[in-house]
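Undergrad: What follows is each chain in one-letter form.
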Amino acid sequence: MFELSIAFKYLIPRWRQLSVSIISIISTLVIALVVWLIVVFFSVKDGLENSWVDKIIALTAPVRITPTEKYYQSYYYLADTVSAASNYSSKSIGEKLAATTADPYNPETDEEIPRSWPKPDRDGDGNLKDLVKIAVNRAESLSYQGITATDYETTVANLRLRLLRHGGAQPTQQFLEHAAFLGSFDADTTGMAKALLAPSVADFNNLLRAQAVSADNIQEETPSTIHRLDPIQLRERWNTLFDTLEITALKVAGTGWRLQIPLLQSKATFAAVAVFKGDKLARIVITGDIKDVPALTERLNAQGWKALPATVTLNDPSMRTIQIEGSKVTELAGYIPLEIASDTLLYAHLIPESLTDAATTSDLKFALKTTIQGIPLAGKISLGNLEVGEAHLKSIHDPISIAIPTSDASGINMPPAIDSAEPILLPRTFKESGAYIGDQGYLSYYSPTPSSVQEQRIPVYIAGFYDPGIIPIGGKLVLASRELTSLVRTSSNQDEAHMSNGINVRFKDIADAGKVKAALQKELEDAGIASYWHVSTYQEYEFTKDIIQQLQSEKNLFSLISFVIIIVACSNIISMLIILVNDKKLEIGILRSMGASSGSIAAIFGICGMVMGAFGSIVGIAAALVTVHYVNELVGLISQFQGHDLFNPVFYGHTLPSELSMEALTFVIITTAFISLLAGIVPAFKASMMKPSAILRSE
Amino acid sequence: MHYILRAKNIKKAFHNPAHVEILDGIDLDVRCGETVAIMGRSGEGKSTLLQILGTLETPCHGILEIDGHPVTFLNKSRIRNQKLAFIFQSFHLLDDCTALENALMPARIARKNISPGSDAHNRAVGLLKQVGLEDRIHFNTKLLSGGEKQRVAIARALCNDPDIILADEPSGNLDKQTSRHIHEILLNLANTQNKTLIFVTHDPELASLCSTRYRLQDKKLLPENEMMKT
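So the protein sequences, as listed, match chains A and B. Under my numbering, the first residue of the first sequence is numbered 23, with each subsequent residue one higher. Under my numbering, the first residue of the second sequence is numbered 31, with each subsequent residue one higher.
No wet-lab data here; the hints were simulated from the structure. Just so you know, not all the hints are guaranteed correct.
Claimed, not checked - Derived pair list, reagent style PhoX-like, types lysine-lysine, alpha-carbon separation capped at 25 Å: (1) A:313 / A:289; (2) B:142 / A:31; (3) B:172 / A:31; (4) A:713 / B:38; (5) B:159 / A:607; (6) A:713 / B:106; (7) A:708 / B:106; (8) A:713 / B:206; (9) B:38 / A:607; (10) A:713 / B:159; (11) A:350 / A:299; (12) A:577 / A:567; (13) A:273 / A:387.
To be verified - Which bits of chain A does chain B cover? Going by a derived footprint, with three or more residues having C-beta under 8 Å, they are: (14) 24 to 36; (15) 536 to 548.
Said to hold, decoys possible - Computed, partial: chain A to chain B, Cβ under 10 Å: (16) 176; (17) 624; (18) 715.
Keep in mind it's a predicted model, so treat the numbers as computed, not measured. Backbone N, C-alpha and C fix where the C-beta goes; we use that ideal spot for every residue, glycine too.
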């Protein structure tokens, strides 16, 4: 096509047309920059939003069915309160689902039904419609991939945790008290597996010590004593713990660790810090790395000790020498403790045989095989006051044999109750306030009785932490098993129990939420029970509505802003093309004289505009692809320069999403193409309206 | 008698800003294969007349017929591409193109296949050889001399095998010897390929080589022999 060939000829930068070339290069770069910015921004933002939405859905469901007021006033719901078969108490949705009969009322033995109650809603055969079962069945019958319907309950309770810490000589205890929402959750969802935080080394450490403490007095407000488990029980627990937990390194705690000379394989020389008490050498601290000696010296001096760098040579138990900086080599006289500095990692493995008669943490023996300053250390050591330095869960394990939930592709496996303490999952805010996996405590709630209100306490332990995302109540939502939630909900105030349970409908693709809702409503209408149920998608939940609407309006706002930015960037094309048209006036005249139509001339300059727009977007998108791929490295670099995190991990998580947003890509490509086409129209029109006779005559 | 080009009572005036009448009732009949010279003083409107004959300019009044059809009812771009060709005083070749690319441009505009080996390509190469530019085919036109440029322009004019070639002072920018060479080529081609040539020129030597001569004087076109009488 001749228009294309001419357009490309014009687009190739040439020295003779320096101004046009520079302007066209700059306009293309500006477009590329804008495209890059928009694609990166939207990709990261979309990724974050998706992960937030994922977390919201992990804790709830993409679609929920909740009972309406009419449900609570229906004969179906009220019948339980007058039926002996139901123990005269109303049932939650979960209980209704488990009940064997829809109508527990026995007209012969039960008291008379009040006249004010609505008529029972019966089907064609005269049976009472089982509102819950029909709703669940209808939901599960929908043809969406992986659709399930399960009931959920939420309630409120007070959480009090005992944080037992073993840092010093004596364990210390602190208490963390929180009013919390208590929610049931479905463990077998992929979203939950994503939201669950991986346990840290500190968690493993705490877990190891917490295993030794019994939860039998945990329900006391301030347990005055620490009940240790009897050795048999403890060994049993440790056995299951070490079935799954593999410790690969120990770490020297803040108090330091005494070096046992027999661990040395041969003669050794260490760089160390000599610490004096007055003029007398009090102890020698060996650092994990030679490089750390000056820093440690400085730190000890700052703490009020007199410390000097030194070199210790340990030949055999009888021959030990020390050379303190600035003085001669002297023999170590008397008993001077040799310590390894805190935070030094010691690579070691548990000796399984030591579990057979272990009664305290000191009885746990490890096979040490490590190096300090390049000098090998090996032998048998006891855990003593060492901490866990590196540990991981073994890849093949029995999911129920440890106090930590394990996650896989199909969801998470919750650990069992320990000492009647129930496992709970806490939002990450608790982790930030100092709680660790394995900490115990209780949930309390008030249960009304005919004469008084009683406080009930249920022992619990922290099984794990999860990331609640940006749900406003997320920082307070404690996740527990459905049974536990149901117990608290039904025993606390019945009036407030309304509206706090329902049915979670889950399916694979959350983009189908709207369609599932519509299909579900239709199903419920077909079954004649639509008025008892309210179906809502995750965008409509009371606690997510605001945030989702906010995200949506932000998106619209940013789209508008990007649109304006793209217009500004593409408007450069107009000026560049007008200069080009003036520059190529004579050629336009010549081409017209050779029979090029005015449409062809317009097309040439239109193509020039489009190609610049397209080229700019391609460069921008390519740059964006690279940026998005390395976004975390980039953010890390900027954070280093800035001195603090560029994005607060509380809101954004520890890694930013690094997936290109297809939506942003489509938006940018369409908008840029459209606007650069528009920008080309004016100059193209100008060029096509030029009279060849006038151009050629003036030459 | 078949006329390849007929102009009847052509009038042209410009409003710039005063009303200036340039041409007032021009009649011209050109037969196929004829060579026509239009002479006249500068500023008499010779170039404007040529542009009107070449459909680049629209007359204010009058009818132009090409090959028996009034051009007002035809696609002018198509006529310029297929039936007409221009040769300009200052050559008007396209920058940053080789001689061959220039010579092929009308074929390209006509959306013919111009890949090497195609008819159009072979024709253009043949034409460049005919005008004596065998060794300049792939030269950038910037590097060519004036005479060579005009020869490229002649090859370009003949690219789509037009009926009429309109030349506006084709040797105006060239020295005498080169001019002669260009005239020779043009008239030779017209003769061998049966083209109609219309020259606008000051050059009496060129005019003397043409079969018909006109003089544009006082907005009218007069045949040279008539003019001689008066």
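Undergrad: Going through the numbered hints above, which ones does this structure break? Give me the numbers in ascending order.
TA: 5, 8, 9, 10, 15, 16 and 17
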